[in-house]
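**Student:** Each chain is listed here by its residues.
There are 6 protein chains.
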Amino acid sequence: MPSLSHVDTHGEARMVDVSSKPLLLREAVASGHVLMSPATLDLVESNQISKGNVLATARLAGIIAAKKTSDIIPLCHPLNLTHCDLDLVIPPSRDRIHITATARVTAGTGVEMEALTAVAVAALTLYDMCKAVDKSMVISGVHLASKTKKPIPA
Amino acid sequence: MPSLSHVDTHGEARMVDVSSKPLLLREAVASGHVLMSPATLDLVESNQISKGNVLATARLAGIIAAKKTSDIIPLCHPLNLTHCDLDLVIPPSRDRIHITATARVTAGTGVEMEALTAVAVAALTLYDMCKAVDKSMVISGVHLASKTKKPIPA
Amino acid sequence: MPSLSHVDTHGEARMVDVSSKPLLLREAVASGHVLMSPATLDLVESNQISKGNVLATARLAGIIAAKKTSDIIPLCHPLNLTHCDLDLVIPPSRDRIHITATARVTAGTGVEMEALTAVAVAALTLYDMCKAVDKSMVISGVHLASKTKKPIPA
Amino acid sequence: MPSLSHVDTHGEARMVDVSSKPLLLREAVASGHVLMSPATLDLVESNQISKGNVLATARLAGIIAAKKTSDIIPLCHPLNLTHCDLDLVIPPSRDRIHITATARVTAGTGVEMEALTAVAVAALTLYDMCKAVDKSMVISGVHLASKTKKPIPA
Amino acid sequence: MPSLSHVDTHGEARMVDVSSKPLLLREAVASGHVLMSPATLDLVESNQISKGNVLATARLAGIIAAKKTSDIIPLCHPLNLTHCDLDLVIPPSRDRIHITATARVTAGTGVEMEALTAVAVAALTLYDMCKAVDKSMVISGVHLASKTKKPIPA
Amino acid sequence: MPSLSHVDTHGEARMVDVSSKPLLLREAVASGHVLMSPATLDLVESNQISKGNVLATARLAGIIAAKKTSDIIPLCHPLNLTHCDLDLVIPPSRDRIHITATARVTAGTGVEMEALTAVAVAALTLYDMCKAVDKSMVISGVHLASKTKKPIPA
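Residue numbers (the numbering used here), protein chains in the order written: chain X, 29 to 182; chain H, 29 to 182; chain W, 29 to 182; chain U, 29 to 182; chain Z, 29 to 182; chain A, 29 to 182.
Honestly, the hints are just simulated from the structure, not real lab data. Mixed in with the good hints there might be a few duds.
Stated by the list, open to error - Simulated crosslink set (DSSO-like; lysine-lysine; CA at most 30 Å straight-line): (1) Lys178/A x Lys177/X; (2) Lys49/X x Lys177/Z; (3) Lys177/A x Lys177/X; (4) Lys49/X x Lys175/A; (5) Lys163/W x Lys49/W; (6) Lys178/X x Lys178/Z; (7) Lys177/Z x Lys49/Z; (8) Lys175/H x Lys49/H; (9) Lys49/W x Lys177/H; (10) Lys49/X x Lys163/H; (11) Lys49/Z x Lys163/A; (12) Lys175/Z x Lys49/Z; (13) Lys175/A x Lys49/A; (14) Lys49/X x Lys175/X; (15) Lys178/A x Lys49/X; (16) Lys178/U x Lys178/W; (17) Lys49/W x Lys178/W; (18) Lys163/A x Lys178/X; (19) Lys163/W x Lys175/A; (20) Lys178/H x Lys177/W; (21) Lys178/X x Lys49/H; (22) Lys49/A x Lys163/A; (23) Lys49/U x Lys163/U; (24) Lys163/A x Lys49/W; (25) Lys49/A x Lys177/A; (26) Lys178/H x Lys177/U; (27) Lys177/U x Lys177/Z; (28) Lys177/H x Lys178/W; (29) Lys49/W x Lys177/W; (30) Lys177/U x Lys175/Z; (31) Lys175/U x Lys178/Z; (32) Lys49/U x Lys49/Z.
Modelling step: build the complete structure from the supplied sequences, incorporating the hints.
**Tutor:** Have a look at this one:
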């Protein structure tokens, strides 16, 4: 039977010991979306076309947050993130902004929380920037899309 | 026609000027949930009954994050949060953990981002603590439930 | 004879006591520039025309840094910044990017360090983003342009 | 019977609600010491006489930490500290460095944790700087010396 | 004669250069205690039995602080902590809570400051959570219990 | 033709992927200065002679800032800095304080931003400490002096 890796034998929260896990190239991709009205999306997009800063600010907020994931999530290990990229897209349904984040590191533990934190903080930043014109936004579908690891090239 | 309050006349991201807004008692309530399997919820709950630390860790993570919202969300104003409370509940549907966060402050600007950040970070923390046993979790429904303001009592 | 306000009677570094200073609306404006080659400016500017993100990233970095000035400068008081705005301009001389930052707060102490920190960090961010193509950049002329205070409107 | 103010009716950790507490001038004084060998004290002191930087670094570390107490202690409220001062003394017993910290703020809640955090971090910094020459140091006696509040002068 | 490793030849504070030190598996254990009244311990413990959150909050605060030791202690090197665990015990003497912290890393420098910071911040958090009912607490006996290093397994 | 390494093919700000860059011993040296009046320098220097804390505080501020460069500069990679040293000198011209910072790391990417951030923050700290007596200071000449890399010794 599986057990919760972050809870020790006495039920106390703990940081998983990764001291002896091998260094591997690790990548995680997460995604999610912010549901908003078409009118809000029009405003975001027209600004996007001229200067692009609502989406640019959310992207940057996601990158910055990914770098400090271990300061935001109590039991995450500090990692020296080697890459983080975010992609923000308005799909044809025109009811949301879809966010995808990719994180990479060479470490003994994975970067799924870094990718998920990037998505969540980019979503919160979109919310913050659009909340004056749209009171009905919802952040949803935040999940891990993929997670891979491979040896460090010799 | 409404405009995006965080984008200035040249389309650049900016911090809204709240220098001359009156100090009011402001409260915001946000909520959201993490969808997870009944088996995962059983593990969380049995720990909850004995020591309660998965939910306790997520609650604390939400409070800590609410206090540093302005360090996480680029255009949020720094605020001296006077209260933050989180409530985590497993509803009868037994398919999710529902999170509600309440934030309060006496300030010239509201605390909806503090409440939303608390919910999002509590959700990410639940995800982090349960990810070893459940690969299909999804964070959804993160939204503002209410926002109020009233004068400071004389 | 003037004395250094941050050094106490025994010569030790100290935080100036502002406990009994009146709350006033305070504003500071600082400016500075990053000298770079015309070829680098062309690259920045063509990106600026299409998506504007080098300058947008530096602006945002300046705002974010202004909010955490008291975490960067050891003897600065924590303040709840109510406004910060940055303006980045390529002057006709086409040898630099000129940065101006305005910071505002209602507090017992001024915001000159917030404005100066915003300029310095925006300049460092420009440097970081352009350093792969220009090895000869110099950050110069960072100074306080103005500082004002006035009573809080009744 | 007294109850633990940080634990709510369901036993969960919580941030005390200070939303409606009056703003007062609040001061707290804390102290503590680091026990070390006379030989270590001689080294600290001879440096102190010529350049004074072991003690100066510890003082500054205490001030910096006091400013971010709410980021270090999970349930502490963020406060805009208006003053923090540390005093480090080698008493005639020559077996310790004694640390006293004073913190002040105008707020709805007290600053005892800021004063205590300043003492603890100054002590840790002394430990860090002297640990190469003294393996037997102990940080002890960290406590609150006094706590006062008074109305804001009209 | 030994010298203070953090003070350079001119007496200025400095960060020790560990650029060429070998990567080793390093562990440090620190401990300390918070003296408090039996009545306070009863309150902590009855909560501990039902939900355990005073001790759980202090444990988590210690882990979080260990991860940001280099941001709290001025001359500590940033490290990617691979493990941190805290143990809080009420001894038979029933006059204190005893705290032990273990930290591990694979790095060129040790983790004694991480273990000591975890103990000190867990102690401060206990103090913060109990200060409403006990004005006489004292944090004492914070010291390094052990420090080991060994080669990385091939 | 060179391109801006931090801007992706769609013109969006991005973090450069250094996942597969080799670990090397990297060093960067940056310098800059703060122009100030001879009278201010006299005050700094007389304090420097007795206790040396204006310069000591600026040095320490530079070291602390270098360690958190990736938290200050949005697209900088987190690095575990292994060394940072600052040198502050008043040259015979007696019109400025000259700052030099050296940073070292074993990483896949360089530390020029760490060295530059150390210089800039030391300069801002000098400004902060002297601003009460000198309204005409200017931070200038902040640039990269050298950058080297070499293999890790076997």
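**Student:** Confirm or reject each hint.
**Tutor:** Taking the hints in turn, this is what the structure says about them:
{"no.": "1", "hint": "Lys178/A x Lys177/X", "in the structure": "holds, 28 Å"}
{"no.": "2", "hint": "Lys49/X x Lys177/Z", "in the structure": "holds, 17 Å"}
{"no.": "3", "hint": "Lys177/A x Lys177/X", "in the structure": "holds, 28 Å"}
{"no.": "4", "hint": "Lys49/X x Lys175/A", "in the structure": "violated, 33 Å"}
{"no.": "5", "hint": "Lys163/W x Lys49/W", "in the structure": "violated, 46 Å"}
{"no.": "6", "hint": "Lys178/X x Lys178/Z", "in the structure": "holds, 26 Å"}
{"no.": "7", "hint": "Lys177/Z x Lys49/Z", "in the structure": "holds, 13 Å"}
{"no.": "8", "hint": "Lys175/H x Lys49/H", "in the structure": "holds, 17 Å"}
{"no.": "9", "hint": "Lys49/W x Lys177/H", "in the structure": "holds, 28 Å"}
{"no.": "10", "hint": "Lys49/X x Lys163/H", "in the structure": "holds, 21 Å"}
{"no.": "11", "hint": "Lys49/Z x Lys163/A", "in the structure": "violated, 45 Å"}
{"no.": "12", "hint": "Lys175/Z x Lys49/Z", "in the structure": "holds, 17 Å"}
{"no.": "13", "hint": "Lys175/A x Lys49/A", "in the structure": "holds, 17 Å"}
{"no.": "14", "hint": "Lys49/X x Lys175/X", "in the structure": "holds, 17 Å"}
{"no.": "15", "hint": "Lys178/A x Lys49/X", "in the structure": "holds, 28 Å"}
{"no.": "16", "hint": "Lys178/U x Lys178/W", "in the structure": "holds, 26 Å"}
{"no.": "17", "hint": "Lys49/W x Lys178/W", "in the structure": "holds, 13 Å"}
{"no.": "18", "hint": "Lys163/A x Lys178/X", "in the structure": "violated, 57 Å"}
{"no.": "19", "hint": "Lys163/W x Lys175/A", "in the structure": "holds, 10 Å"}
{"no.": "20", "hint": "Lys178/H x Lys177/W", "in the structure": "holds, 28 Å"}
{"no.": "21", "hint": "Lys178/X x Lys49/H", "in the structure": "violated, 54 Å"}
{"no.": "22", "hint": "Lys49/A x Lys163/A", "in the structure": "violated, 46 Å"}
{"no.": "23", "hint": "Lys49/U x Lys163/U", "in the structure": "violated, 46 Å"}
{"no.": "24", "hint": "Lys163/A x Lys49/W", "in the structure": "holds, 21 Å"}
{"no.": "25", "hint": "Lys49/A x Lys177/A", "in the structure": "holds, 13 Å"}
{"no.": "26", "hint": "Lys178/H x Lys177/U", "in the structure": "holds, 27 Å"}
{"no.": "27", "hint": "Lys177/U x Lys177/Z", "in the structure": "violated, 49 Å"}
{"no.": "28", "hint": "Lys177/H x Lys178/W", "in the structure": "holds, 27 Å"}
{"no.": "29", "hint": "Lys49/W x Lys177/W", "in the structure": "holds, 13 Å"}
{"no.": "30", "hint": "Lys177/U x Lys175/Z", "in the structure": "violated, 44 Å"}
{"no.": "31", "hint": "Lys175/U x Lys178/Z", "in the structure": "violated, 47 Å"}
{"no.": "32", "hint": "Lys49/U x Lys49/Z", "in the structure": "violated, 53 Å"}
Comparing the model with each numbered hint stated earlier shows that hints 4, 5, 11, 18, 21, 22, 23, 27, 30, 31, 32 do not hold.
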